[in-house]
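Colleague: Here the protein sequences line up with chains A and B, keeping their order.
Per this note's numbering, numbering of the first sequence is gapless, rising by one per residue and ending at 172.
Per this note's numbering, numbering of the second sequence is gapless, rising by one per residue and ending at 1592.
Simulated from the structure, these hints should not be mistaken for lab results.
We treat Cβ as the ideally placed atom computed from N, Cα and C, and that holds for glycine.
Errors might be hidden in some of the hints.
Capping the alpha-carbon separation at 30 Å, the derived lysine-lysine pairs in DSSO-like fashion look like this [said to hold, decoys possible]: (1) B/K1301 / B/K1425; (2) B/K1425 / B/K1334; (3) B/K1496 / A/K64; (4) A/K64 / B/K1373; (5) A/K93 / B/K1425; (6) B/K1496 / B/K1425; (7) B/K1301 / B/K1496; (8) B/K1541 / B/K1301; (9) B/K1373 / B/K1541; (10) A/K64 / B/K1301; (11) B/K1301 / B/K1373; (12) B/K1541 / A/K64; (13) B/K1541 / B/K1496.
Derived contacts from chain B toward chain A, CB cut-off under 7 Å, selection only [what the hints assert, rightly or not]: (14) V1304; (15) Q1364; (16) K1373.
In case you want the letters, here they are:
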Amino acid sequence: MGDEGRDYTAEGGHGAVPLKDVPTGLGQGGDLGGPQPEWPLYEVFVRGKRGLNHVHVGSLHAADDRMALLHARDVYTRRNEGVSIWVVRADAITASSPDEKDPMFAPSGDKVYRHPTFYEIPADVPHM
Amino acid sequence: MTAIDSGVTSAPDEAALAHDFQETISRNDRIEPRDWMPEGYRKTLVRQVAQHAHSEIIGMQPEGNWIGRAPSLRRKAILLAKVQDEAGHGLYLYSACETLGVSRQQLTEMLISGKQKYSSIFNYPTLSFADVGTIGWLVDGAAICNQVPLCRTSYGPYGRSMIRICKEESFHQRQGYELLMTMMRGTDEQRAMVQESVDRFWWPALMMFGPPDNDSPNTAQSMEWGIKRNTNDELRQKFVDMSMPQAEALGVTFPDPELRWNAERGHYDFGQPDWDEFMQVVKGNGPCNAQRIEHRRRAHEDGAWVRAAATAYAARGPLVEEAAQRPSRDRGAA
Ligand SMILES: [Fe+2]
Ligand SMILES: [Fe+2]
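Chain B extracted, bound-state conformation (with noise of 0.2 Å):
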């Protein structure tokens, strides 16, 4: 994009242009692309921003690794549709990533080479197919949790991928909770598989909110700059309160002792989940880890002739039938 510069403005100085941002954060305005912003602000929302994108992408394969074994062609369609929406949030995140002045190429490569992180949830691996209900349900459910209140986000094309995205996650978390309804009307078996698949992932859903609050100090400052609306543990908690009376209507439990009502504060009570664990698998170490970097390196290098066929196509121009068929003003004066 090209501006044309209307030649009224002399260049304002940082103070101003600090007090401009402020103000308009104070409004509850929103920054766009081209409006001065200080840079921890610029980098703080490529980091969450790019990850966020990471996460979708990679999100796509522990639930991609049941669409060849769906149990029925209703299941594999709806499967191939809900990895279908993740492949389009990351490309929604990717393209408000790249208004801050990060190129799709570096997006890539930083994920690639493990420069740049991914949600710790995608490491684990999907070993029944009642995990893709219980991701629809749990860890869509949690990203939910995550997603509504940055709708609101200070920075307008993040929000924006933001409203887009949270019209299609209630799809999956849908159609997870209906997949696990369905087998829990099955067999015995069936509803084994359904509550030692909700065994797995309730812990790892809990830690998709973060670490405590008082292990987050940067909390604060996206707080202030309105890239963030609420902190972790009340996003956690406000999970928790939500999943309780879905899990008793399907007729599951969670695997927390420490998990009850408390009529004082109105909310329920539980436990912590194994921060140590959290931390192995941010780092790399968890079960997947390897294995997801290296499916998406693979695909990326794999489809590196279709990208470069696609680019001496368009150099080429227009093959000759289809100059042919265009209208005659196309072809001068004619």
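Looking at chain A on its own, in the form it has when it is part of the complex (with noise of 0.2 Å):
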């Protein structure tokens, strides 16, 4: 099929997509301006039932926070997946740092007394 034909990955999941040669995107500023700016994104909190935690599940974009509850119900929760619904918007979350594995989270690395496993206790004492 020759050249045309390279570069497709069949994992565009509903079936093969084109991955030379197509725009990104990236790096062209988020909002393209024009008479209506973007909505602002709302990041979505659903629990499962009751005794869990809320669970982040995605996010979504809405108007005003209203509107943000009635989206994530349509779109998380079609079978069930939930009994409450937190939504918050995405720049009220105050986020750890930039990377997932900074130094923020050295301090617990090293306290291994704080785990109940540091502790040798005779197998015969019981209840322990």
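Starting from the two chains in their separate frames, assemble the complex, guided by the hints.
Modeller: Structure (structure tokens):
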């Protein structure tokens, strides 16, 4: 099929898509401007059932908080995946660091004595 | 999202960052949005995830075509739910793509201007109601083969979207197969309709896995990065092997004279799709390309006033009655 057929990946999910000569839009700035600025981004957290924490499930765009909740219901809980939803504007979240393995977490790395396995207890002492 | 600089790090050099990245991949660990990643990795992912998202969104159209003409309320409800799922899949994937640094606006623009593509399968028309069943069975079936390995892809947000999507795909495939089974129990005319539909979709379904491996040199790099987990030919073989017993149980045949069991290989042998047709369809010359893009563009443009109204409503703040219903602590020191 010659050069033309090159660089298609099957893993476009619903079928092969080209990976060569396709623009990405990276580095062109987020908002294209124009009369309609993009709606803010919200992060969505869902409590799967009573007794569990809310867990981050994804994100979506909405004009305001109420719309974010309604969209979150439609997008993330179509099959009883949740009993409660939190939506938070992404720009209101403060994150620990730009890197997931930052020295921020180093202080807990060398304190083995915080774990129960650090302590040796004779095997015949019950209920420990 | 804002990040607090812990103040402990000095900026590490690129070689060290690349080393950390490679280590994470080798450990089979996931890359997360704010990690350093090579530009090539980022670009490959944007192309793949964006076009995957576009495929889900355009993929609503062929089946959406039959919602108003579904033969029963049951079939209509099922089809509506299925098409709504595909919209959801598109949204999960757009979200994942945005974590890489492109905006939703840009992605929408690149779809409706034709700069980015979507799966060629959705450029074929749905001519009979049996096509709804065949798409569920074969097209979503092929999508499952593609998507299951992607749950372990190296980019965290992409993998997490795929896990959600895969849970929903099995409903898609089963409802399609059940629809065809029901038609096969009907009249001769209905059975002929099923066979005709399967004949039309078999080759395009095989094309969904992309050109043969020796024509896909990028595969090696994508596999090294853990973005891709199986080659095009491996996935295609898996799909054929899965589909044959299903076709037998249904009582239909596939339009391929070379299709037969190979006991030595332990797999079915099969013929090659028409790759020239594939290239034509991807380039925009398929039966429905123009119509699909035009429909998406119209939906986007017709929706502009709704988006503008919602923005204006949000800017104006809550209505007076709503504010009055709030607990008094919201209204100051009272
Ligand atoms: Fe889908
Ligand atoms: Fe699907």
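Colleague: Compare the structure with each hint and give your call.
Modeller: How the hints compare with the structure:
1. B/K1301 / B/K1425: 27 Å, holds
2. B/K1425 / B/K1334: 21 Å, holds
3. B/K1496 / A/K64: 26 Å, holds
4. A/K64 / B/K1373: 12 Å, holds
5. A/K93 / B/K1425: 18 Å, holds
6. B/K1496 / B/K1425: This hinted pair holds, its Cα atoms lying about 19 Å apart.
7. B/K1301 / B/K1496: Cα-Cα ~28 Å, so holds.
8. B/K1541 / B/K1301: Satisfied, since the Cα-Cα distance of roughly 21 Å is no more than 30 Å.
9. B/K1373 / B/K1541: Holds - the C-alpha atoms of B/K1541 and B/K1373 are around 11 Å apart, at most 30 Å.
10. A/K64 / B/K1301: 10 Å, holds
11. B/K1301 / B/K1373: 15 Å, holds
12. B/K1541 / A/K64: 13 Å, holds
13. B/K1541 / B/K1496: Holds, because 27 Å separates the two Cα atoms, which is no more than 30 Å.
14. V1304: 4 Å, holds
15. Q1364: 4 Å, holds
16. K1373: 5 Å, holds
Violation of the numbered hints given earlier is absent; every hint is satisfied by the structure.
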